[in-house]
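Undergrad: Residue numbers (full-length UniProt numbering), protein chains in the order written: chain L, 1 to 692; chain Z, 1 to 692.
Do not take every clue at face value.
Identical copies look the same in the list; a pair holds intra-copy or inter-copy alike.
Straight-line alpha carbon distances no greater than 20 Å define the calculated PhoX-like cross-link-like pairs of lysine-lysine that follow [stated by the list, open to error]:
1) K34 x K528
2) K344 x K469
3) K247 x K186
4) K27 x K528
5) K616 x K59
6) K469 x K524
7) K444 x K27
8) K146 x K472
By construction, these hints were calculated from the structure, which means they are not laboratory data. Because the structure is a prediction, the values reported are computed rather than measured.
If you want the building blocks of each chain, they are given just below.
Number of protein chains: 2
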Amino acid sequence: MTEHLEKEIQDAQEAVTKQGDTVRSLKASLKEGKSEKAEVDAAIQKLAELKIVLEAKQKEFEKATGKVSAQSKEALRAALAGVLERRMFYIPSFKIYGSVAGFYDYGPPGCAIKQNMTQTWRNHFVLEENMLEVECPAVTPEIVLKASGHVDRFTDFMVTDAVTGECFRADHLLEGHLEALLEDKKNPPSPEKTKEIRELLASVGELKQDTMAAALKEYNVRAPGTGNDISPPFPFNLMFKTSIGPKGDLVGYLRPETAQGIFVNFRDLLYYNGGKLPFAAAQIGNSYRNEISPRAGLLRVREFTQAEIEHFVNGADKSHPKFASIAGLRPLLYSRALQMGEEKKAQPMSLGEAVEKGIIANETLAYFIGRTWLFFIKVGINPERMRFRQHLQHEMAHYATDCWDGEVETTYGWVECVGLADRSAYDLKAHTSMSKIDLTAFEKFPEPRMEEVVKVVPNNKELGAVFKKDQKAVKEALEALDECGAMELKSKLDAGETAKVAASTGQTFDIKPGMVEIKKVTEKVTGKTYTPSVIEPSFGIGRIMYCMFEHSYYTREGDETRAVMGFKPVVAPTKATVFPLVQKPALNELATKISRDLTSAGLSNIIDTTGNTIGKRYARTDEIGVPFAVTVDFASVDGDGSVTLRERDSMAQVRVPQSEVASVIRNLVDDRMTWGDVTATYPAQKAQADDE
Amino acid sequence: MTEHLEKEIQDAQEAVTKQGDTVRSLKASLKEGKSEKAEVDAAIQKLAELKIVLEAKQKEFEKATGKVSAQSKEALRAALAGVLERRMFYIPSFKIYGSVAGFYDYGPPGCAIKQNMTQTWRNHFVLEENMLEVECPAVTPEIVLKASGHVDRFTDFMVTDAVTGECFRADHLLEGHLEALLEDKKNPPSPEKTKEIRELLASVGELKQDTMAAALKEYNVRAPGTGNDISPPFPFNLMFKTSIGPKGDLVGYLRPETAQGIFVNFRDLLYYNGGKLPFAAAQIGNSYRNEISPRAGLLRVREFTQAEIEHFVNGADKSHPKFASIAGLRPLLYSRALQMGEEKKAQPMSLGEAVEKGIIANETLAYFIGRTWLFFIKVGINPERMRFRQHLQHEMAHYATDCWDGEVETTYGWVECVGLADRSAYDLKAHTSMSKIDLTAFEKFPEPRMEEVVKVVPNNKELGAVFKKDQKAVKEALEALDECGAMELKSKLDAGETAKVAASTGQTFDIKPGMVEIKKVTEKVTGKTYTPSVIEPSFGIGRIMYCMFEHSYYTREGDETRAVMGFKPVVAPTKATVFPLVQKPALNELATKISRDLTSAGLSNIIDTTGNTIGKRYARTDEIGVPFAVTVDFASVDGDGSVTLRERDSMAQVRVPQSEVASVIRNLVDDRMTWGDVTATYPAQKAQADDE
C-alpha cells in the first residue's frame, strides 16, 4: 500500500522538477522577447497544480505511516534546494566549466547571511567574552602540521575500483553495504547476523586499516555501479598539498583547521594578555579538506569557513566565573549513558545538574555548551531539533578529557555543526616539543611557598675531563631533565649504574656516578610553570547555515506553492522591502525616502516599484526571507503620514508613522523589541484585498 | 657633513632598537618574578632618552638637507614596526618555527581594524551601490585560470645564483644594479650612459625574456651577497599549485585574484539581476601569489585579502547615472601627459573636467575613481599623499581601454593600493571561448527596429551529397559565422572561389559556390545581443591598512617617546577606554556600567582598573589608537553624575552626562557628529595635573 504511494510521490516530484525547469527557461526567453507572457503564466499555473498534487500525496503518506517518508524528506530537500539555487543563496562553483564536487559559491543572499552569521558569532563570543581574535594564513608550512599530527594522521581510508580506478571512502562503502543487508526483505539476515551487522555498523568510523580490510573482505563489498573488485583500503591524507617559494623545497598545506594558527601564537597572545590566564583566542577563516568523494551539498565541502575558539586555562582549575549565567539552561543532552541505554534519545537537562553529576567534565566546557546553544537559537536553529552528543570513550583521542558535538536534525539525519572538546594540554605540548619553544604559563602564588624541589648540579670538572668539547651539551641535557627524569637518573647512579642521557643535539651520553649531584631541597617558590589546557569549541559556519535553511523553510498555510524562508531578522540577508501600493510619483518618492532612511540606519533593503501586485511582491520577498515589509499608500502622503509595516511569519500589519519606521525595524532586528511590542504599540491594519 | 649625520642617526637607531629589546625582556621577567620593577623602570627611562637623541639627530638632518633622510624614513618605519609588532597589529606567521617569508598573522587589534575596514568597504560600495556580493572558493580548477590567461602568463622572470641556487626576481636585481650605477660617486656614468640607464630603469617592468636576458648580460649583473654568476632569466608562475580530489589528475591553483569567480558566475548574476545591465558584482576574499622573494612587510605578501568589483556595462554607453555626485571632487591625478612632462608631478583636477577633456576614458571609470578617493579618506589615508596614476600605453594589456592605479605615498615610495581598469569585454569573451557557454546580455530596444541583417541559408541537399556524415557539422559551422565572416565567404563564393570554413569539431571544410546562400535582408529586430564590458576596481586591503598605519602614526608634541596611532574612529580597533580616576569600588562599579553601555551600543571598549596613573593609561591606549576615553571621578558618582570624555588627537576634554556618553561616542564613530559638535555642546574639563 505505502509502496504504491511512495512511487506516486516520486513521480509527482519528478513532474514538479521538470515543470520548474520549463517555467525558468520560458521566463528567460520572455526577457529576450522570445516567448509570450500568456505562455509563461500558463506554465506557472501548471507548476502550481503539480505542487498541490505532490503535497497531497505526501500528506496521505504521512497519515498512512505516521512518519515522514524518505521521499518526503527528499522532496523537502529538493524543494528547498530549488529555492536556494534559484535565489542564488548558493550555487555549484565553476558551473560554466561543469563544476567540481565539494565547491560552492555563495550568491548575494547567501553571502549576506554568512556575513550576518559570522558577525553575530563575533558579537556573541569574541566581544562578549573579550576574546583575542587573530587571522592567520591558510597556507601552512609542513612542520606546523607535522607537530599537530595532521601530516601523519589526517587521513580517511580509501578504496579504488580495480577496473575503473574510481575512488571511494571505505567507511561509506562498508556502511552502505551493511545497511542494504539489514534492509534486504528477500534475504533477511538471521537475528545473530543482524546483531553482528549492527555492532559493526556502530564502529565503522573507528576501524583500523587491518580491521577495515577484513570487514570489506568478509562482506564481499564491491565497487558501486560497476560491481567490480575493490582494492584493499589505504590511508589517503585529506590535506591539499602545495609548495611555498620558488625552489620547490618547502612543502606547504592548506590548513585543515584554523586552530593551529592560534596554538603557534600562544606565547605572543599570552604576552598580549598581560601574562594572565585563563583567556580565549578565536579565529574565523577558511579551512580545506580534500574529501575523497564529497556529496551532501553544503554539508561536506572541500573549502569551508570555520569559527574556532581556544580557551586556555590552568588544567588544575577549570571553573568558569560566568558559569552561573548558563547553569539554568536546559538543552537536549545525549550523554554517553543515554547513548548506551535502551531509549537512545537525548534528554533536556540543566547544565548545572550535568556538571554536578559529572556528566559534563567541568564548568568551562559546560559554559561553552550553554553559550553555543544560545548562539544556535539566536541564528534560527530550532532548539528542539538540536542536541549535544557526548563522544563515547573510543571516539575520543587519548589526550581528550571530554568532548561534545552540537548536532542538528535535518533531512540528512543528525548533522555535527560544532565540536566542543577539552583537549587537555596536548596541543601546546606538541608544539613545544617540535619547536623547542617554551609554550607555558607562569602561575604566581598569592604567597611564596616553601616546597621540596629536585636540584640537578652537574660536576663541571668531571664532565669537562670526560666529554671535552661535548661538555656543554651534556650539562644542558642534565639541566633539562624534568623531575621524574632526574629522580630516575639519581636512582641508577645511586645504585652505581651507568645511565644514558639524550641531548637536544641528538647525541646520547653515558653518565656515571659522580658526574652529577641530584638532591631534593626545600626552597622558597614564588609560583609554578605549567602548560595550559585548552577547551576548544569549533564551529562549521556553512553547516550551521544549511541546517538553519532547513529549519527556516516552510510553505504558506493553504498555499503549498508559496515557499517562505523564515529567517530570524538578525541573519536575514535583506531586512525590509519598501513598496508603493500603486505606481504614482508621490508614492514612489516617499518609498525612496524611506528606503534611504533604512540604509542610513544600516538596514539592507529592497525598494520595489515594479508595479506588480502586492501579493506577488510579498511572494518574491518571502523566498529570500525578508522579515519586514513597508507599504506606502495614499494615506502615507495625503493622510496621517503613516505607512503599513508587515511581519513576514504572522503576516500581521500595523500602521506606523513614517518617521518612526526605520527605528522600529532597527529595534526589531537588534532584538530590542519583539513583534508583540509593535502590535501592542501601533494600530492594526487590515490586509488589502489583493494582499495574499 | 650630512654623511657624518647619517652615520650618527644610524647608530642612534641601533641603540634604540637594542634598548627596546632589553625593556621587553625585562618586562617579561618581571611578570615571572625574575626581575625587579626598579630595574625595568630604569631601562624604560634609558630608552626614552635614547629616543630623544635619535629624534634630535633626525631633526638636525632634516634642517640641514631640507629632506627626510633615508635613515629618518628607516627610523619612522622601524618605530612604527615596533609599535605594530609589540601591540600585535600583525606578526610574522609561524614565528615559533622561524617564520616563512611573505606570511603575516593579524593579532587582535589588526584583526579588528581589518574587520572595520572591510565592513566600511562593504557599506561604501556594496550597500550604497546595490552590488551583488558573492563568495567563491580560493581553490580553482586549472581550466578557469587557463581561460583567464594566468596559467600561461602570470609569471615573473627569475634568475638563480649559479652556485648556491638561491632565487631572485630578475627585475628587482636589474633595478638594484642600475640604481647603484647611477649613485656610484667614484665612477659616475657619463651623461649619455646615465640617460641610457634611466630609460632602461623606466622600462624594467615591461622587458620580455630576451631583452631582460640581454640587459642582465650587458650590465654584468651578479648574484647579491655572493657575487656569483646568475642563470639566464626564465618565467616562474606565481600561482600556488595543488591537486583536487584523490586521483591526482585534476590540477588546481589557489586563485591569484578574486575576479575570476565573478566572471564565471556572470550568467547567474545577470539572471539574478532580472537580466538588466549595468550592474556590479563584488567579492571580498583571500588571494594567493607565490612571490619569488617577498620583502617589504605587509606590502608584498603571499596570501592577502582583496576586495574586487566587476561593473558590467554595455560598451556602447559607459555613462554613469550618479556621475554628477562625484564630478566636483578634485583628487590628485597623475595623467599620462603629466608623467611624460617635465615636472613629473600629480595635479589636483576635478573628475568632471578630467572626463570632459578625455583624460579619464569615461564616466563610469571616473565615478569609481571618485568613490575610491572618498573611501580612502574615510579610512584615514591623507588625500594629499594619495594620487591616481594613469597607466602608460605600454603598461596596459592590449584589450584595456584605460587604467588608473590609486597610489599612496609611504616610506617605501608610492604604493599601489587599488587598480581601476576598463578591461573592455575581454574577460567574458575569454570565458565564453573556453567554456562554450554564452556570456552575453540582451539589449531590448525601446521600439523594434527594421535593420539590415545577414542571413546564411545552407543548401542542405548539396551539403548532404558532398559531406555525408559531416553534413551537420558543416551546417552548424556555416550558421555560426558572424556577419563579417559570412560576408567574406559570400565574396569568395560570388567570385567562384572555394573557401575554407572551420567547424567547432576542429575539422575544416571546403565550401564551394551553391552550397550556401548568403544574403542581406531587412528584418524587424527587437534588440541586440552583446558581450558586456567590465570596469574593475580592485583593492588590496592589507596594503591600504599598512599605508593607513603610516599616515596615522605620530608622536606627541614635546614627547617624542610617546607614539600615537591616530586612527579614524570608524576603523579604530577599540572605540573607547573607560577608566576610574582612582581605584574605589563606587568608581569601578560605574566604570563597569558604562563599559556595558558601550558594548550594548556595539562599541568595542577596554575598561582599565589597574590603578596606573591616568597619564600612563592614556599612553598605552594611544599606541593602539583608541580615539575616545571616558574617565569616571567622584563627581560622576557623588556630584552631577557627569563623566569626562577625552578626544585622542586634540586631548581636549568635556564633561558629558553619564547617560549620554554611549550615544555621543556612537554618533562620533558613525560620523553623525564631529568632535567640534561635542565641544560646542558640552562644557570643557581642564586636564588633571597628572594627565599627560
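Undergrad: For every hint, state whether the structure bears it out.
TA: Each hint, compared with the structure:
1. K34 x K528: between (80 Å within a copy, 13 Å between copies)
2. K344 x K469: neither (66 Å within a copy, 64 Å between copies)
3. K247 x K186: neither (62 Å within a copy, 37 Å between copies)
4. K27 x K528: between (72 Å within a copy, 18 Å between copies)
5. K616 x K59: neither (27 Å within a copy, 71 Å between copies)
6. K469 x K524: neither (35 Å within a copy, 97 Å between copies)
7. K444 x K27: between (72 Å within a copy, 15 Å between copies)
8. K146 x K472: Cα proximity of K146 and K472: none, with 29 Å in one copy and 58 Å across.
Comparing the model with each earlier hint shows violations of hints 2, 3, 5, 6 and 8; every other hint is respected.
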